Amino acid sequence: MTHRSRWTPLLGCGAAVALIASACTTDDGGAGDDANGNEASQENPGASGAINGPLNDDPTTFNPALASSLSDYQLARLGFDTVLRADEEEGVIGGLASDFEQSEDGVELTIRDDAYCADGTEITPSVVADSLSYLSDPDTGAPQYAQIFGSGDVTVTVDDDAGTVMVELSEPYSEITQGLTHPASGIICPEGLDDPEGVDQGQVPAAFSGPYSMTESTSGVEYEFTFNEDYDRWPQWSQELEGHPAETLTFVPGVLDTSPNQVLTGEMDWTPVEHFDVDRFPEEEWNYSQGAVGAYYVIFNTSGVFSDVEMREAAAQVIDREAFQQVVDPTSELIAATADAGVQCANTDESFLIDQDPDAAAELLEGEAVNIVSTNVIGANGSGGEYMQDVLASAGTEVDLNNADVGTWLDVVMSPEEANNWDMTIWSTVNVAGLTVNGLNRVVGPALDEGGTSFTYEENTDATDAYNQALQAEDIDEACGYFQEAEQLALEDIFIVPLTDDPNVVVSREGVTVEHIAGREDLSTLRLHD
Amino acid sequence: MVEKLQGLKGSPWLYFLSQKLLELIVAFVVLVAITFLIVLLIPGDPARVIAGPDASQEHIEFTRQRLDLDLPVWQQFWNYLSGIFTGDLGQSFRTNEEVWNIVAIRLPFTVTIALGAIVVAFIGAIILGMTVAGLTRGNRNRWLDVTFSWASATLQAFPTYVYGAILVAIFAVALGWLPAGGASNVQSYILPIAALSFGAVFSVARIVRRETANVLEMDYMRTARGWRISRLKQYVKYALPNLMASTLTLSGLIFANMIGGAVVIESVFAWPGLGNGVVGAILDRDYPVIRGIILTIGVFAIMTNTMIDIVLAAFDPRTLTAGKAFS
Chain A
24 MTHRSRWTPL
34 LGCGAAVALI
44 ASACTTDDGG
54 AGDDANGNEA
64 SQENPGASGA
74 INGPLNDDPT
84 TFNPALASSL
94 SDYQLARLGF
104 DTVLRADEEE
114 GVIGGLASDF
124 EQSEDGVELT
134 IRDDAYCADG
144 TEITPSVVAD
154 SLSYLSDPDT
164 GAPQYAQIFG
174 SGDVTVTVDD
184 DAGTVMVELS
194 EPYSEITQGL
204 THPASGIICP
214 EGLDDPEGVD
224 QGQVPAAFSG
234 PYSMTESTSG
244 VEYEFTFNED
254 YDRWPQWSQE
264 LEGHPAETLT
274 FVPGVLDTSP
284 NQVLTGEMDW
294 TPVEHFDVDR
304 FPEEEWNYSQ
314 GAVGAYYVIF
324 NTSGVFSDVE
334 MREAAAQVID
344 REAFQQVVDP
354 TSELIAATAD
364 AGVQCANTDE
374 SFLIDQDPDA
384 AAELLEGEAV
394 NIVSTNVIGA
404 NGSGGEYMQD
414 VLASAGTEVD
424 LNNADVGTWL
434 DVVMSPEEAN
444 NWDMTIWSTV
454 NVAGLTVNGL
464 NRVVGPALDE
474 GGTSFTYEEN
484 TDATDAYNQA
494 LQAEDIDEAC
504 GYFQEAEQLA
514 LEDIFIVPLT
524 DDPNVVVSRE
534 GVTVEHIAGR
544 EDLSTLRLHD
Chain B
14 MVEKLQGLKG
24 SPWLYFLSQK
34 LLELIVAFVV
44 LVAITFLIVL
54 LIPGDPARVI
64 AGPDASQEHI
74 EFTRQRLDLD
84 LPVWQQFWNY
94 LSGIFTGDLG
104 QSFRTNEEVW
114 NIVAIRLPFT
124 VTIALGAIVV
134 AFIGAIILGM
144 TVAGLTRGNR
154 NRWLDVTFSW
164 ASATLQAFPT
174 YVYGAILVAI
184 FAVALGWLPA
194 GGASNVQSYI
204 LPIAALSFGA
214 VFSVARIVRR
224 ETANVLEMDY
234 MRTARGWRIS
244 RLKQYVKYAL
254 PNLMASTLTL
264 SGLIFANMIG
274 GAVVIESVFA
284 WPGLGNGVVG
294 AILDRDYPVI
304 RGIILTIGVF
314 AIMTNTMIDI
324 VLAAFDPRTL
334 TAGKAFS
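From first to last, the protein sequence lines are chains A and B.
To convert, count from 1 in the first sequence and add 23; that's the numbering used here.
To convert, count from 1 in the second sequence and add 13; that's the numbering used here.
Just so you know, not all the hints are guaranteed correct.
As the list claims (entries may be wrong) - Computed spacing ranges between beta-carbons, pair by pair:
1. A:G419 to B:L82: 50 to 56 Å
2. B:N198 to A:E501: 53 to 59 Å
3. B:G96 to A:A403: 38 to 44 Å
4. A:G419 to B:V86: 53 to 59 Å
5. B:Q70 to A:Q259: 54 to 60 Å
Just so you know, the hints here were simulated from the structure itself, not pulled from any lab data.
All values reported here derive from a predicted model rather than from experimental measurement.
Ideal Cβ placement from N, Cα and C applies to all residues, glycine included.
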């Protein structure tokens, strides 16, 4: 691992001044030229060239088991293969596991026999089992444990002769296979498990099991990933990927405000774009890929003014979902429950939604005081929260809007002691594995003050029963039926008002593509087209 | 050695330097206290933010203990204080990286554009200010004097991010000549330095013009003109040295402000310096990084101001006893 000299910029100073004085201009491009200009590697006939793009921010860790931010997930997907992968048509397909069988007890994985770590170590069933045991060990403190394994304990057993790994769950969790597609469940190779802190800092090259290894990192500046020689076990996705992987992927953190400009000037090859930047990239000249990060929906706190279902109905009657969509992000898609269309079991039946009727709503809402807590990342400068404030105020409500930054907003909504300080919020999910429980668990089951995850502060017994039945289902089809029932019951009791998905639109220059697989961005699909 | 020290006894320099040292110590103590306390005013629970929205209550408590946020405030302050004196600013809550390492990576980027900007501002201001002063000497070209006063007052008041956005729109997006952001190559330095220096050029140029106008009316300059010495030589050899004290002082103060002002311009250009780092750290409630960066910027500002005082005293020994006269 190499590090750029920290005093290099000072050398640039003199040169920069000289360039200003000589009215210097650049050549045709920056990194974009690198992407085109690099010669194909002799060692890696399948991978050549370089692709340069942005990251939300610095990753918090390079250890997939400890991943908790979008950047962590994005990079974990490159460096660490998961046993299962999501697919647009098949739902869940094999990754490091060639086959899998789900049961009430958990899932049995048949591990493929042609997989190797970055240092050439064979990825055997024992290697997979050790990594999953580390992930599920409470001492590891994996933030995504519940999303991957559900709420119970995990026992991992291995049968090397049969080539299988059994993941047993003490509490039923029907989304276990979807959970094992989560990038945070990426398999860490043996040398990494011997030095988890080293993996955390990205300093164990032999820990990588995925298509790329991190070869250079300077926090705040740049992360470089290099294609692992001979890697060819790409998932058998139903959508065929054209082009070839790049030998080098470079990521610059914290530049999302400038990266659209940098793509236009050729400094970068791809970038996520906000809706207001879309017009700058005509579809005939640029490649587009769209999916979602999660979903937006209103959650009512039933411990205050919205304890009465009629009040919740009145609030729902003043919300125009299409207007919200136009205000927040016109590229988004409307949703019908707590998840976007990319989530396997998402309810799509709109008949459970409340029709608009502002006049009827005003009769109930007039004079009532409502505290909205929202975050300024929902729409430009928090326009999502402002929309809610506006429509409720139009119905005669005295609205107090706390349009806070993410940290403050989370603190208010997720602290049981703050339960009396807000009445409604726009919840925003980050659902990288397309799980139905992610989102639905905020409106069913016990409330936060009872050790649960629900923000509604009133347990909807019927919806919770359906949710629990969904978790106990033996296969995903059965689970989907119960999940959708739980969502519909939550809609009937108006604990939520579905709004839109949280879109993720990625633009790339000609000759570079990146795909959303099953509605989720997957940077391992970055491809160059010669 | 002893004789030398005895010789310094009663010296205005000894008094001046000991006074500056005392001021330095007081300022540092206040800075340390402020950097510790100010982050506690930021709303939101850092453990909850670091653990993420999907974290369970157990994981949030686990995170709180890992980050020592469960300790009493006095104990957290003691850990911070003892860390500073042992050269340990702690680890980032978010990435577990040593704060010193984060500062060491980011500081050169900030210092580079601030230094580059002050050099550009200094040179640009001297050329502009002296030219205007020369052309308007003795109430000639009155229109230029008025135009310069009005334009420079207006242009120095523009926030740096306005210049940044305009420069990106023209030179990066419209013309494609320069990078729009990041620090990937030497060209990347041009627009941030230009944006940061633009307003400063006019601030310093106003002082240079005024000082030059005064110097040009002095007897020795009249004599120089009478001797038919070339105009370039008059300005460079005789006028310029007399402008340096006030110009350097102002430039030093502007430099200290630029380090702080880089917070905004670094966001405009996605520049990987201290400013961008502290903004991200505030949003992430990354207390050690916020403290480390603000402490660094504060120490930089204190040291710069002290250096300016010392340089000024060297130029003008009357300032050595100025404080004493008031005491």
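- Query: When the hints from earlier in the document are held up against this structure, which numbers fail?
  - Reply: Violated hints (numbers, rising): 1, 4, 5; every other hint is consistent with the structure.
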